[in-house]
Amino acid sequence: MEVRIWKRFLRRLSDLLKGFSNFLIKELKELIRDPKILLGMIIVPLIMFPLLGGIMSFSIQSAQEQAEKASLLVLNNDGGNYSKLFINFLSITLKAKLAVVNATSPEDAVKNGLLEQYNATQFIEIPEGFSENMTKHIEGNLTSIKANVNFYSVFTGGGVFEAIGSSVVDGMVYQFNRMIAPDVTATTKSTIIKGEIKQGVDPAALSNLMISQAIALPITIIILLTYSMQIAATSVAMEKEEKTLETLLTLPMDRFAILMGKLSSSIIVAAVGAITYMVGFNFYMSSLTASIPAGTIDLASLGLVPSLFGYLLLGISLFITLLSALALAVIISAFAEDVRSAQSLVGYIYPLLFVPSFLLMYIDINTLPFALKIALYAIPFTHPILTSKAVTMGDYVTAVGGIIYVTAFTLVILYAASRLFATEKLLTAKLKFRGLRKLGKPQVQELQ
Amino acid sequence: MFVCYAVCLMVVDCMSLAIEAVNVDKVFGSIRALDGLSFRVNAGEIFGLIGPNGAGKTTCLRIISTLILPTSGSVNVFGLDVVQRAAEVRKIITYLPEEAGAYRNLSGWEYLEFMAKFSVKDADKMHRMVEEAARISGLGERLKDRAKAYSKGMKRRLLVARALMAKPKLAILDEPTSGLDVLHSFHVREIIKRYVSEHGVTVLLSSHNMLEVEHLCERVALVNKGKVVAEGKPQELKEKFGSQNLEEVFAKVVGFA
Chain Z
10 MEVRIWKRFL RRLSDLLKGF SNFLIKELKE LIRDPKILLG MIIVPLIMFP
60 LLGGIMSFSI QSAQEQAEKA SLLVLNNDGG NYSKLFINFL SITLKAKLAV
110 VNATSPEDAV KNGLLEQYNA TQFIEIPEGF SENMTKHIEG NLTSIKANVN
160 FYSVFTGGGV FEAIGSSVVD GMVYQFNRMI APDVTATTKS TIIKGEIKQG
210 VDPAALSNLM ISQAIALPIT IIILLTYSMQ IAATSVAMEK EEKTLETLLT
260 LPMDRFAILM GKLSSSIIVA AVGAITYMVG FNFYMSSLTA SIPAGTIDLA
310 SLGLVPSLFG YLLLGISLFI TLLSALALAV IISAFAEDVR SAQSLVGYIY
360 PLLFVPSFLL MYIDINTLPF ALKIALYAIP FTHPILTSKA VTMGDYVTAV
410 GGIIYVTAFT LVILYAASRL FATEKLLTAK LKFRGLRKLG KPQVQELQ
Chain A
-11 MFVCYAVCLM VVDCMSLAIE AVNVDKVFGS IRALDGLSFR VNAGEIFGLI
39 GPNGAGKTTC LRIISTLILP TSGSVNVFGL DVVQRAAEVR KIITYLPEEA
89 GAYRNLSGWE YLEFMAKFSV KDADKMHRMV EEAARISGLG ERLKDRAKAY
139 SKGMKRRLLV ARALMAKPKL AILDEPTSGL DVLHSFHVRE IIKRYVSEHG
189 VTVLLSSHNM LEVEHLCERV ALVNKGKVVA EGKPQELKEK FGSQNLEEVF
239 AKVVGFA
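In order, the protein sequences belong to chains Z and A. Under the numbering used here, the first residue of the first sequence carries the number 10, and numbering increases by one thereafter. Under the numbering used here, the first residue of the second sequence carries the number -11, and numbering increases by one thereafter.
Warning: the hint list may mix true and false statements.
[Stated by the list, open to error] Below, a sample of chain Z positions facing chain A; criterion: calculated Cβ distance under 8 angstroms: (1) Gln184; (2) Asn186; (3) Ile206; (4) Gly209; (5) Glu251; (6) Lys252; (7) Glu255; (8) Thr256; (9) Leu258; (10) Leu260; (11) Glu433; (12) Leu436; (13) Thr437.
[Said to hold, decoys possible] 27 angstroms max Cα-Cα, derived DSSO-like pairs, lysine-lysine: (14) A:Lys105 / A:Lys79; (15) Z:Lys93 / Z:Lys106; (16) A:Lys79 / Z:Lys252; (17) Z:Lys434 / A:Lys132; (18) A:Lys143 / Z:Lys249; (19) A:Lys105 / Z:Lys249; (20) Z:Lys252 / A:Lys157; (21) A:Lys136 / Z:Lys252; (22) A:Lys221 / Z:Lys252; (23) A:Lys132 / Z:Lys252; (24) Z:Lys434 / A:Lys213; (25) Z:Lys252 / A:Lys140; (26) A:Lys79 / A:Lys155; (27) A:Lys136 / Z:Lys249; (28) A:Lys132 / Z:Lys249; (29) A:Lys79 / Z:Lys434.
[Unchecked claim] What the simulated footprint calls covered on chain A by chain Z, stretch by stretch (three residues with Cβ under 8 angstroms from a Cβ of chain Z suffice, anywhere in the stretch; the number is not a length): (30) 80 to 94; (31) 201 to 209.
Keep in mind the hints are simulated off the structure, nothing from the lab. C-beta: ideal position from N, C-alpha, C; glycine also.
Using the sequences plus the hints, can you model the full thing?
See the structure below:
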């Protein structure tokens, strides 16, 4: 009796497995033979991530090289022996070149362009009375008296590497103190923003604060653009898949109106999405920053919040970039036969979006090698990120230049899209992956 | 006097010609879909293009509908060249593709309204047009449902109603009864006949169902491998080839029987 039950069970199990394996093989064949899925899921990531990694490590290397080339300026306003000792110590331990200028106030150094002259982005001032305080501390045993040095760093608008300079100086001073006496020297840090010295603003803290902004915008752009490109591509491919496109194209309506209708509706949906996303992200950021006791730095009073004009430029830049992305998506989706292939085809644009976004989160574009810089400038999606940094720093020329370039790019793409909509290509265009199929297959046999 | 008469005749002839396709070729890569295809359709008649799958019927209809361009040859619709004056042609035609769909998330009613707004500006006329379409589609209350809930037959009736409601000078219907059951096919054929007789609409349709065409069309062209192999009234063709029906005619023409 039991044997029969077991047999029946095993028979059913083997039937189930047969059905399952047959179905699984069919599924895999269908998925793997779809060249768009193969490319989108396997080949593109295989190329994109090594590429991204390569560019990143190359950029970090070149940024470090640049940092090594830069020199540290020392303003010595103290004539005593201890200041000489301090400078000697710096020159021995510091890898970078050291330039010493006597009897110049930090304000004059900034005003007279000493930083540019010595190719420096940061300097240390040894104020008057440094040696005197050192002497009091060491020889007079007045440990409450400390000898102060002032550290100044130019804020250029972002990047992780801004914080390096100030941490290096911290390390130096710590070592110097270990050599002479505990806690004898203290550092006061200040930041130079847009050519003005902001006393007491720690460049490292400011950088950290700005990094959160430098990350927020590229992420917003990635989400906004990928989302809206998907909408646009889907809406064109949907017309093809649902077989409504042919009817649409025979209606007494200008083809350009169809194109603009597709673009506008995608923009509206994407804008609503972007706004809700921004609101949510803002909550996230504010709850995050509220927990960090960085309240001492007020960005608005430092002039690091874009002006109304700056926000306007940023808005225009974002909008035009969005338009160019949508037009690109519409063109690409015209080559797809259905929604699924349209969405994977749009995926080919993503590397153009991810590379500049991730790169510019960490690196200042000016530290990149020339060829890479040009390549980044050529990608329209780079420009809103650059614009956001530029308007924060009050650099409207860069912002307007970017807008002009992206506008020109968008017009070219829109023209191409409208040409595509005016011809039969919209119905007949297909991306062919001939290489993946056997060539020279015999034609369908005709009835005789 | 004679010249004047001849010119008048030519003008009249031109006016009464709905479609004139002359030596139309269409090449897709290595495939020659149309190979010197020529035929004429008179105004106010139901003309059928018949032939097997892949004969070139749909390609021909797409060229006349201004969707694709002929590789060579010319097509005129009521004297308008479909390549040079495509925008004007689109104002006087409607096209029903073979596998057309309706917008999934619009109701049938909304779909008809959307389409009607291209033909008429006046809101009153538009409403009348949509009501007419609603009546001929026979979908009744179901028009309020979204199109994604429609069966194949319901969708087809909606689309046929859409193609005819504007009373275009030329309605191009690719397999109008495709996928419909006997009753629905009958209903659609009756609508087409009525529109031609009541509103003077010219209909060019394609089908591979030759028996259906025999009952519906005044004249037909048999298409095979991108060419018109015979043209005329069904009755004439049957007599000429000594056949019982158009299917037999076709088989004889292409050398099958």
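Fill in: Hints violated by the structure (listed by number, smallest first)
1, 2, 3, 4, 17, 22 and 31
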